[in-house]
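**Student:** Sequence:
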Amino acid sequence: MQYKDPTFESVEVGETFGPQVIEMDEHYLRSACFSLSDYSDCYTNADPAIGYRIVPSAALVRDGVALFLTKYNPNTVVGLHQSEELWYHAPVPFGGKVTLTGEYVDKYERRGKGYCVLDVSVHDESGRLLVRQKSTEIMRIPEGIRMGEGSSPPSTGRVSGVISKNVSPIARASLDIAAGTPIPSLRKTAHNDEMAVFSGIHFNRHNIHTDDNVSSAAGFRARLAQGVQTTCWMSQMLADFFGPAAWFSSGWMKNVYLQPVYAGDELTTHGVVTGRTDDGRLELEVWTRNQDGLMTAAGWASAKVGD
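According to UniProt numbering, the sequence shown holds residues 1 to 307 in order.
By construction, these hints were calculated from the structure, which means they are not laboratory data.
Given the structure is predicted, the values throughout are model-derived calculations rather than measurements.
Hints may be right or wrong, so weigh each one.
[Said to hold, decoys possible] DSSO-like mimics (lysine-lysine), calculated; alpha carbons at most 27 Å apart, straight line: (1) K134 with K97; (2) K107 with K4; (3) K134 with K4; (4) K107 with K254; (5) K107 with K134; (6) K134 with K71; (7) K107 with K165; (8) K71 with K97; (9) K71 with K4; (10) K254 with K113; (11) K4 with K113; (12) K254 with K304; (13) K71 with K113; (14) K134 with K304; (15) K254 with K134; (16) K113 with K134; (17) K107 with K71.
Assemble the whole structure, with the sequences as input and the hints as a guide.
**Tutor:** Take a look at the structure:
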(Lines of atoms letter the chains of each structure in order from A; the text may use other names.)
(Lines give C-alpha, C1' and ligand atoms only; values in the text may rest on other atoms or scores of the structure.)
Protein backbone atom coordinates (compact mmCIF):
# COMPACT_ATOMS: atom_id res chain seq x y z
CA MET A 1 0.00 0.00 0.00
CA GLN A 2 1.18 3.52 -0.82
CA TYR A 3 0.84 5.63 2.32
CA LYS A 4 0.41 9.39 2.34
CA ASP A 5 2.96 11.60 4.07
CA PRO A 6 1.52 12.59 7.49
CA THR A 7 1.81 16.35 7.11
CA PHE A 8 -0.64 19.20 7.48
CA GLU A 9 -0.40 19.86 3.75
CA SER A 10 -1.40 16.28 2.91
CA VAL A 11 -4.61 16.35 4.94
CA GLU A 12 -7.79 16.89 2.92
CA VAL A 13 -10.97 18.02 4.65
CA GLY A 14 -13.66 15.50 3.69
CA GLU A 15 -11.18 12.62 3.42
CA THR A 16 -12.76 9.47 4.83
CA PHE A 17 -11.37 6.40 6.59
CA GLY A 18 -12.68 2.90 7.06
CA PRO A 19 -14.74 0.94 7.42
CA GLN A 20 -12.33 -0.83 9.76
CA VAL A 21 -13.83 -3.93 11.37
CA ILE A 22 -12.42 -5.18 14.68
CA GLU A 23 -13.41 -8.34 16.53
CA MET A 24 -14.10 -7.84 20.23
CA ASP A 25 -12.61 -11.21 21.11
CA GLU A 26 -10.57 -12.44 24.07
CA HIS A 27 -7.27 -11.38 22.53
CA TYR A 28 -8.48 -7.84 21.88
CA LEU A 29 -9.91 -7.60 25.39
CA ARG A 30 -6.75 -8.82 27.11
CA SER A 31 -4.56 -6.53 25.01
CA ALA A 32 -6.84 -3.57 25.76
CA CYS A 33 -6.90 -4.21 29.51
CA PHE A 34 -3.11 -4.56 29.58
CA SER A 35 -2.45 -1.37 27.61
CA LEU A 36 -4.93 0.57 29.77
CA SER A 37 -3.84 -1.10 33.02
CA ASP A 38 -7.55 -1.52 33.67
CA TYR A 39 -8.80 -4.87 34.94
CA SER A 40 -12.25 -3.82 36.10
CA ASP A 41 -14.68 -6.66 36.85
CA CYS A 42 -17.04 -5.72 33.98
CA TYR A 43 -14.36 -6.89 31.52
CA THR A 44 -14.22 -10.35 33.13
CA ASN A 45 -17.83 -10.93 34.16
CA ALA A 46 -21.22 -9.72 33.01
CA ASP A 47 -21.96 -6.40 34.65
CA PRO A 48 -25.25 -6.65 36.62
CA ALA A 49 -26.52 -3.26 35.44
CA ILE A 50 -25.61 -3.95 31.80
CA GLY A 51 -26.46 -7.63 31.57
CA TYR A 52 -23.44 -8.76 29.60
CA ARG A 53 -19.66 -8.71 29.56
CA ILE A 54 -18.14 -5.66 27.89
CA VAL A 55 -14.93 -4.41 26.29
CA PRO A 56 -13.28 -1.12 27.37
CA SER A 57 -14.87 1.67 25.33
CA ALA A 58 -11.70 3.67 25.89
CA ALA A 59 -9.74 1.14 23.82
CA LEU A 60 -11.89 2.06 20.83
CA VAL A 61 -11.19 5.74 21.47
CA ARG A 62 -7.51 4.78 21.17
CA ASP A 63 -8.25 2.93 17.92
CA GLY A 64 -10.22 5.89 16.61
CA VAL A 65 -7.31 8.27 17.16
CA ALA A 66 -5.16 5.96 15.02
CA LEU A 67 -7.72 5.39 12.25
CA PHE A 68 -5.98 7.87 9.93
CA LEU A 69 -2.94 5.55 9.95
CA THR A 70 -4.82 3.26 7.57
CA LYS A 71 -3.91 5.85 4.89
CA TYR A 72 -1.03 7.85 6.39
CA ASN A 73 2.43 6.42 7.02
CA PRO A 74 2.40 5.14 10.62
CA ASN A 75 6.19 5.14 10.89
CA THR A 76 6.81 8.77 9.92
CA VAL A 77 4.20 10.39 12.16
CA VAL A 78 5.78 12.79 14.65
CA GLY A 79 2.75 14.77 15.74
CA LEU A 80 1.23 16.07 18.94
CA HIS A 81 -2.28 15.21 20.06
CA GLN A 82 -3.83 18.46 21.25
CA SER A 83 -7.33 17.63 22.42
CA GLU A 84 -9.86 14.82 22.53
CA GLU A 85 -13.63 14.92 22.85
CA LEU A 86 -15.61 11.71 23.27
CA TRP A 87 -19.19 10.60 23.63
CA TYR A 88 -20.14 7.14 24.91
CA HIS A 89 -23.53 6.02 23.60
CA ALA A 90 -23.68 2.33 24.57
CA PRO A 91 -21.38 -0.24 26.21
CA VAL A 92 -19.27 -2.29 23.79
CA PRO A 93 -20.37 -5.96 23.93
CA PHE A 94 -17.71 -8.64 24.24
CA GLY A 95 -17.72 -11.26 21.49
CA GLY A 96 -19.08 -9.24 18.58
CA LYS A 97 -17.60 -7.01 15.91
CA VAL A 98 -17.43 -3.24 15.68
CA THR A 99 -16.87 -0.97 12.70
CA LEU A 100 -14.89 2.27 12.77
CA THR A 101 -15.43 5.03 10.20
CA GLY A 102 -13.95 8.49 10.20
CA GLU A 103 -13.49 11.74 8.33
CA TYR A 104 -11.23 14.78 8.47
CA VAL A 105 -13.76 17.52 9.19
CA ASP A 106 -11.48 20.53 9.65
CA LYS A 107 -7.93 21.84 9.38
CA TYR A 108 -6.63 25.24 10.41
CA GLU A 109 -3.47 27.10 11.34
CA ARG A 110 -2.89 28.89 14.62
CA ARG A 111 0.33 30.48 15.88
CA GLY A 112 2.35 28.81 13.16
CA LYS A 113 1.04 25.31 13.80
CA GLY A 114 -1.30 23.29 11.61
CA TYR A 115 -4.20 21.52 13.34
CA CYS A 116 -6.29 18.68 11.87
CA VAL A 117 -9.62 17.45 13.27
CA LEU A 118 -10.63 13.80 12.84
CA ASP A 119 -14.22 12.74 13.57
CA VAL A 120 -14.66 8.99 14.20
CA SER A 121 -17.70 6.83 14.97
CA VAL A 122 -17.87 3.23 16.19
CA HIS A 123 -20.95 1.07 15.50
CA ASP A 124 -21.83 -2.50 16.40
CA GLU A 125 -23.06 -5.15 13.97
CA SER A 126 -26.64 -3.90 14.17
CA GLY A 127 -25.59 -0.36 13.30
CA ARG A 128 -26.01 0.97 16.84
CA LEU A 129 -23.68 3.85 17.68
CA LEU A 130 -21.32 2.95 20.53
CA VAL A 131 -18.66 5.67 20.58
CA ARG A 132 -18.05 8.97 18.85
CA GLN A 133 -14.96 11.14 19.17
CA LYS A 134 -13.20 14.19 17.78
CA SER A 135 -9.40 14.25 17.81
CA THR A 136 -7.40 17.42 17.18
CA GLU A 137 -3.73 16.96 16.37
CA ILE A 138 -0.70 18.81 15.07
CA MET A 139 0.34 16.52 12.23
CA ARG A 140 4.05 17.29 12.47
CA ILE A 141 5.88 19.05 15.28
CA PRO A 142 7.27 22.38 14.00
CA GLU A 143 10.94 23.06 14.70
CA GLY A 144 11.48 25.07 17.84
CA ILE A 145 8.21 24.18 19.53
CA ARG A 146 8.60 23.95 23.31
CA MET A 147 6.56 21.21 24.88
CA GLY A 148 3.93 22.35 27.33
CA GLU A 149 3.97 26.01 26.31
CA GLY A 150 0.65 26.70 24.72
CA SER A 151 0.61 23.80 22.29
CA SER A 152 -3.04 23.07 22.92
CA PRO A 153 -5.67 25.22 21.19
CA PRO A 154 -7.48 27.62 23.50
CA SER A 155 -10.66 26.28 25.05
CA THR A 156 -13.58 27.83 26.85
CA GLY A 157 -13.19 27.93 30.61
CA ARG A 158 -10.24 26.88 32.70
CA VAL A 159 -9.77 23.91 35.00
CA SER A 160 -8.47 25.10 38.35
CA GLY A 161 -7.07 21.77 39.48
CA VAL A 162 -7.80 22.67 43.10
CA ILE A 163 -9.26 20.20 45.60
CA SER A 164 -10.58 21.41 48.94
CA LYS A 165 -8.77 19.76 51.83
CA ASN A 166 -11.93 19.99 53.91
CA VAL A 167 -14.13 17.89 51.62
CA SER A 168 -13.82 14.10 51.50
CA PRO A 169 -14.12 12.27 48.17
CA ILE A 170 -17.41 10.54 47.39
CA ALA A 171 -17.04 7.23 45.58
CA ARG A 172 -20.40 6.95 43.81
CA ALA A 173 -22.32 9.46 41.71
CA SER A 174 -25.60 10.90 42.95
CA LEU A 175 -27.46 14.07 42.09
CA ASP A 176 -27.25 15.40 45.63
CA ILE A 177 -23.44 15.65 45.61
CA ALA A 178 -22.43 19.24 46.30
CA ALA A 179 -20.30 21.23 43.89
CA GLY A 180 -16.66 21.14 44.94
CA THR A 181 -16.78 17.50 46.03
CA PRO A 182 -13.85 15.42 44.74
CA ILE A 183 -14.12 11.86 43.47
CA PRO A 184 -11.57 9.08 44.16
CA SER A 185 -8.33 9.40 42.22
CA LEU A 186 -6.38 6.76 40.34
CA ARG A 187 -2.60 6.33 40.25
CA LYS A 188 -1.06 5.23 36.96
CA THR A 189 2.51 4.69 35.76
CA ALA A 190 3.47 5.24 32.13
CA HIS A 191 5.13 1.87 31.56
CA ASN A 192 7.03 1.37 28.30
CA ASP A 193 5.42 -2.00 27.59
CA GLU A 194 1.86 -0.76 28.10
CA MET A 195 2.60 2.39 26.07
CA ALA A 196 3.98 0.26 23.23
CA VAL A 197 0.91 -1.97 23.03
CA PHE A 198 -1.39 1.04 23.36
CA SER A 199 0.41 2.70 20.44
CA GLY A 200 0.47 -0.22 18.02
CA ILE A 201 3.79 -2.02 18.42
CA HIS A 202 1.93 -5.22 17.45
CA PHE A 203 1.29 -3.56 14.06
CA ASN A 204 5.05 -2.97 13.74
CA ARG A 205 4.58 0.76 14.25
CA HIS A 206 7.73 2.66 15.13
CA ASN A 207 6.98 6.08 16.53
CA ILE A 208 7.71 8.40 19.46
CA HIS A 209 5.52 6.18 21.67
CA THR A 210 7.08 2.80 20.83
CA ASP A 211 10.69 3.40 19.74
CA ASP A 212 13.53 5.05 21.69
CA ASN A 213 15.40 5.95 18.51
CA VAL A 214 12.40 7.73 16.99
CA SER A 215 11.62 9.67 20.17
CA SER A 216 15.28 10.66 20.57
CA ALA A 217 15.51 11.82 16.96
CA ALA A 218 12.42 13.97 17.57
CA GLY A 219 14.18 15.66 20.50
CA PHE A 220 12.54 13.91 23.44
CA ARG A 221 14.45 12.51 26.42
CA ALA A 222 12.34 9.33 26.45
CA ARG A 223 9.34 7.79 24.77
CA LEU A 224 6.10 9.72 25.12
CA ALA A 225 2.77 8.31 26.20
CA GLN A 226 -0.04 9.29 23.88
CA GLY A 227 -2.17 12.10 25.24
CA VAL A 228 -5.25 9.96 24.74
CA GLN A 229 -3.77 7.35 27.08
CA THR A 230 -4.31 9.82 29.93
CA THR A 231 -7.87 10.33 28.68
CA CYS A 232 -8.37 6.58 28.94
CA TRP A 233 -7.10 6.63 32.53
CA MET A 234 -9.56 9.40 33.38
CA SER A 235 -12.29 7.37 31.68
CA GLN A 236 -11.57 4.50 34.08
CA MET A 237 -11.84 6.88 37.03
CA LEU A 238 -15.21 8.10 35.76
CA ALA A 239 -16.50 4.57 35.08
CA ASP A 240 -15.69 3.73 38.70
CA PHE A 241 -17.56 6.85 39.86
CA PHE A 242 -20.68 6.72 37.66
CA GLY A 243 -20.71 2.94 37.25
CA PRO A 244 -19.96 1.22 33.92
CA ALA A 245 -23.62 1.17 32.80
CA ALA A 246 -24.14 4.91 33.22
CA TRP A 247 -20.70 6.05 32.07
CA PHE A 248 -20.48 3.92 28.93
CA SER A 249 -24.08 4.76 27.95
CA SER A 250 -24.09 8.52 28.51
CA GLY A 251 -20.56 9.68 29.26
CA TRP A 252 -18.99 12.76 27.68
CA MET A 253 -15.49 14.07 28.19
CA LYS A 254 -13.25 16.69 26.61
CA ASN A 255 -9.54 16.97 27.41
CA VAL A 256 -6.71 19.20 26.33
CA TYR A 257 -3.11 18.03 26.68
CA LEU A 258 -0.79 20.43 28.46
CA GLN A 259 2.47 18.65 29.26
CA PRO A 260 4.25 15.61 27.82
CA VAL A 261 4.00 12.32 29.70
CA TYR A 262 7.26 10.40 29.50
CA ALA A 263 7.91 6.72 30.07
CA GLY A 264 8.28 6.17 33.79
CA ASP A 265 6.16 9.14 34.81
CA GLU A 266 3.66 8.56 37.59
CA LEU A 267 0.31 10.22 37.06
CA THR A 268 -2.67 10.78 39.30
CA THR A 269 -6.14 11.35 37.87
CA HIS A 270 -8.45 13.81 39.61
CA GLY A 271 -12.07 14.87 39.35
CA VAL A 272 -14.24 17.42 41.13
CA VAL A 273 -18.01 17.80 40.80
CA THR A 274 -18.98 21.23 39.48
CA GLY A 275 -22.74 20.96 39.12
CA ARG A 276 -25.70 19.10 37.68
CA THR A 277 -28.10 19.61 34.80
CA ASP A 278 -31.89 19.57 34.68
CA ASP A 279 -31.86 16.30 32.74
CA GLY A 280 -30.00 14.39 35.45
CA ARG A 281 -26.37 14.74 34.42
CA LEU A 282 -23.57 15.35 36.88
CA GLU A 283 -20.78 17.64 35.64
CA LEU A 284 -17.12 17.55 36.63
CA GLU A 285 -13.74 19.06 36.01
CA VAL A 286 -11.10 16.38 35.45
CA TRP A 287 -7.32 16.48 35.17
CA THR A 288 -4.08 14.57 35.64
CA ARG A 289 -0.88 15.55 37.42
CA ASN A 290 2.54 13.95 37.21
CA GLN A 291 4.95 13.13 40.02
CA ASP A 292 6.26 16.71 39.95
CA GLY A 293 2.80 18.18 40.44
CA LEU A 294 2.51 19.45 36.86
CA MET A 295 -0.94 19.27 35.28
CA THR A 296 -0.50 17.16 32.13
CA ALA A 297 -4.10 17.12 30.90
CA ALA A 298 -7.30 18.88 31.88
CA GLY A 299 -10.91 19.02 30.84
CA TRP A 300 -14.54 18.42 31.61
CA ALA A 301 -16.84 15.42 31.87
CA SER A 302 -20.47 14.58 32.51
CA ALA A 303 -22.83 11.62 32.53
CA LYS A 304 -26.33 10.72 33.60
CA VAL A 305 -26.61 9.42 37.12
CA GLY A 306 -27.88 5.84 37.25
CA ASP A 307 -30.50 4.47 39.59
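**Student:** The structure should be examined with respect to each hint, and the outcome stated for every one.
**Tutor:** Hints, verified against the model:
no. : hint           : result
1   : K134 with K97  : holds (22 Å)
2   : K107 with K4   : holds (17 Å)
3   : K134 with K4   : holds (21 Å)
4   : K107 with K254 : holds (19 Å)
5   : K107 with K134 : holds (13 Å)
6   : K134 with K71  : holds (18 Å)
7   : K107 with K165 : violated (43 Å)
8   : K71 with K97   : holds (22 Å)
9   : K71 with K4    : holds (6 Å)
10  : K254 with K113 : holds (21 Å)
11  : K4 with K113   : holds (20 Å)
12  : K254 with K304 : holds (16 Å)
13  : K71 with K113  : holds (22 Å)
14  : K134 with K304 : holds (21 Å)
15  : K254 with K134 : holds (9 Å)
16  : K113 with K134 : holds (18 Å)
17  : K107 with K71  : holds (17 Å)
Of the numbered hints given earlier, the model fails hint 7 alone.
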